[in-house]
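Please model the complete structure; the sequences and the hints are all you need to start from.
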Amino acid sequence: MARRLLAESVVLLLDVRERARDLLGLPELEVTGFRDADAHALLDAVTYGRLDRLVRDRIVIETRATRSRCWSCRAGCR
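When the count follows our numbering, it moves up by one through the sequence shown with no breaks and lands on 1303 for the last residue.
In case anyone wonders, no lab produced these hints; they're calculated from the structure.
None of the values given here were measured: they were computed from a predicted structure.
By construction, the Cβ of each residue, glycine as well, lies at the ideal position given by its N, Cα and C atoms.
Please note: incorrect hints may appear among the correct ones.
Stated by the list, open to error - Quick list of the computed label-pair ranges, beta carbon to beta carbon: (1) L1231 with I1286: 42 to 48 Å; (2) A1232 with R1283: 43 to 49 Å; (3) L1249 with L1279: 27 to 33 Å.
This is how it looks when you write it as structure tokens:
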């Protein structure tokens, strides 16, 4: 592993619910939810069959169009 780290670029991605003092000063990129249309497209792409529009809208609202939450809902929509 150490040899590869010398030859390749590395990204360290952290996710925290609240800002931690220990992380102050580190560069950050806030990742927000999808636009509603993109969240709908993701759900359409990962579900089998046709997902009722009202159900799809509700999933997008409940997950606040966050990718990981939309993605995790796909299991219940198969």
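Here is how each hint holds up against the structure:
Evaluation of the 42 to 48 Å hint for L1231 and I1286 yields a pass: the beta carbon distance comes to about 47 Å. Look at A1232 against R1283: about 47 Å separates their beta carbons, and that is inside 43 to 49 Å. Range check, L1249 to L1279: Cβ separation about 43 Å, and the 27 to 33 Å hint is violated.
Violation of the numbered hints given earlier is confined to hint 3; every other hint is satisfied by the structure.
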